[in-house]
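Going down the list, the sequences are from chains A and B.
Heads up: the first sequence begins at 1 in full-length UniProt numbering, then just goes up one per residue.
Heads up: the second sequence begins at 1 in full-length UniProt numbering, then just goes up one per residue.
Among the hints, a few may not be true.
[To be verified] Derived DSS-like pairs (lysine-lysine); straight-line CA-CA distance at most 27 Å:
| no. | chain 1 | residue 1 | chain 2 | residue 2 |
| --- | --- | --- | --- | --- |
| 1 | B | 171 | B | 139 |
| 2 | B | 235 | A | 185 |
| 3 | B | 235 | A | 182 |
In short, the hints are calculated from the structure, not lab data.
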Amino acid sequence: MAEQRVHRVTAPLSDEAVAAIRAGDRVLITGIIYTARDAAHKRMVESLERGEPLPFDPKGAVIYYVGPTPPKPGQVIGSAGPTTSVRMDKYTPAVLAQGVKAVIGKGYRSEEVKKALVQYRSLYLVSTGGAGALLARQIKAARVIAYEDLGPEAIRELQVVDFPTVCIHDIYGGDQYAEGQKAWKLA
Amino acid sequence: MAVRELHVDQITDAVARLVQEANFVLSEDVKLALAQARQREESAVGRAILEELVENYTIAETESVPMCQDTGAAVVFIEVGQDVHLVGGDLKEAINRGVAKGYTEGYLRKSMLDDPLRRKNTGDNTPAMIHIDLVPGDKVHIAVDCKGGGSENMSRLAMLKPSDGWEGVKKFVIDTVANAGPNACPPLIVGVGVGGTFDKVGYLAKRSLLRPVGQPSPDPEWAAREQELLTEINKLGVGPMGLGGRVTALAVHIETMGCHITALPVAVNIECHSHRHKHTVL
Numbered sequence: 001m002a003e004q005r006v007h008r009v010t011a012p013l014s015d016e017a018v019a020a021i022r023a024g025d026r027v028l029i030t031g032i033i034y035t036a037r038d039a040a041h042k043r044m045v046e047s048l049e050r051g052e053p054l055p056f057d058p059k060g061a062v063i064y065y066v067g068p069t070p071p072k073p074g075q076v077i078g079s080a081g082p083t084t085s086v087r088m089d090k091y092t093p094a095v096l097a098q099g100v101k102a103v104i105g106k107g108y109r110s111e112e113v114k115k116a117l118v119q120y121r122s123l124y125l126v127s128t129g130g131a132g133a134l135l136a137r138q139i140k141a142a143r144v145i146a147y148e149d150l151g152p153e154a155i156r157e158l159q160v161v162d163f164p165t166v167c168i169h170d171i172y173g174g175d176q177y178a179e180g181q182k183a184w185k186l187a
Numbered sequence: 001m002a003v004r005e006l007h008v009d010q011i012t013d014a015v016a017r018l019v020q021e022a023n024f025v026l027s028e029d030v031k032l033a034l035a036q037a038r039q040r041e042e043s044a045v046g047r048a049i050l051e052e053l054v055e056n057y058t059i060a061e062t063e064s065v066p067m068c069q070d071t072g073a074a075v076v077f078i079e080v081g082q083d084v085h086l087v088g089g090d091l092k093e094a095i096n097r098g099v100a101k102g103y104t105e106g107y108l109r110k111s112m113l114d115d116p117l118r119r120k121n122t123g124d125n126t127p128a129m130i131h132i133d134l135v136p137g138d139k140v141h142i143a144v145d146c147k148g149g150g151s152e153n154m155s156r157l158a159m160l161k162p163s164d165g166w167e168g169v170k171k172f173v174i175d176t177v178a179n180a181g182p183n184a185c186p187p188l189i190v191g192v193g194v195g196g197t198f199d200k201v202g203y204l205a206k207r208s209l210l211r212p213v214g215q216p217s218p219d220p221e222w223a224a225r226e227q228e229l230l231t232e233i234n235k236l237g238v239g240p241m242g243l244g245g246r247v248t249a250l251a252v253h254i255e256t257m258g259c260h261i262t263a264l265p266v267a268v269n270i271e272c273h274s275h276r277h278k279h280t281v282l
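Make the full structure from the sequences, and use the hints.
And the structure:
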């Protein structure tokens, strides 16, 4: 594989920044991102079905699939690595349709999500699963903005600096899991 | 032999300590396996991920923070010596109190629900998944495996036909790992149970994860099969975090049991690289 290209982007993301990123590129995110996982996605999509808005401005937004550990006294956030994305597949197309430009998790996505990423010109990014202590260092502030009763699954607004991700699916239909694994598979 | 009295509060305290240690300090066997993987990995992206994992567990250990945000379901294997008299209360309640204490005091994430469909968080990470075994002697052995959901979800069980044989078992294990891919946070430790009944085979697969990573089965024939599976799995190309590479699994552990003439049960319990297992003897 060629040298990995690195992009430094600001969240919320612009359409231009998204268009420049290809599957396999490293993407370092600075700015505001939102946490949401299983239960929060269920509620978000239910509220959209009732014609209510999302609890944050979706335009250019980045959603991080994470349920952090509780912070110790003096900590901004506890351990905060990505959770498995496939559980969000059922809800993702509806969320992308609102203008969300990237989602961060780990693992494979469904065919429907891959199509929706191309259709809505959004990115699927992953960060290193299990590296929650390391990733938490890039989170400089955190506050709950919705669904507080969901505990670790509440929606949080995070301020991040150089949050490290790799692009798996770009807006052109690229698939880095398929490419990367094909390159190393032995007969 | 005289009966030895042991207060269950000691079990509560031991469980509380073990669940925290498991989440903050990666065991030496897993650290060694990751270091060897770093040597073996040819993919630059794969090597970078393995380096991140080393940095991650170093931060976790130094700062006493969980290495992964999913601090797991507490799976507790407890072996009680026949010559031990447990006093002071109910053993299972004592274990659950220990889980609640450890997860609360350690600022670990509470991920357990009261009911699989009503889905209300219990708030203290109970119930623990408890396996109790009565063994000879006057000691109590406690092992905990803090089992993350991402890898657990990619685990599978099959009731094969006897004619499927080793080839059938092999195919099922490899297919399960290939299907898990990046979802399960590779490099993985693959726990395999073969034999027994439907309920026992899952237990065997889970229990095999308690063995130090890479320690072969004491049965040379099965040890060779573990090696064969590891070699095949590492040909898949999945690599660290599924981004491609030579190291998909760090080890394969198989535990076996006799079974019915009609049966060939096989279970694959997949474990992520944040393999949080700790044990103690009281």
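The hints, checked one at a time:
1. B:171 - B:139: violated, 40 Å
2. B:235 - A:185: Holds. Residue 235 of chain B to residue 185 of chain A sits at ~6 Å (cutoff 27 Å).
3. B:235 - A:182: holds, 11 Å
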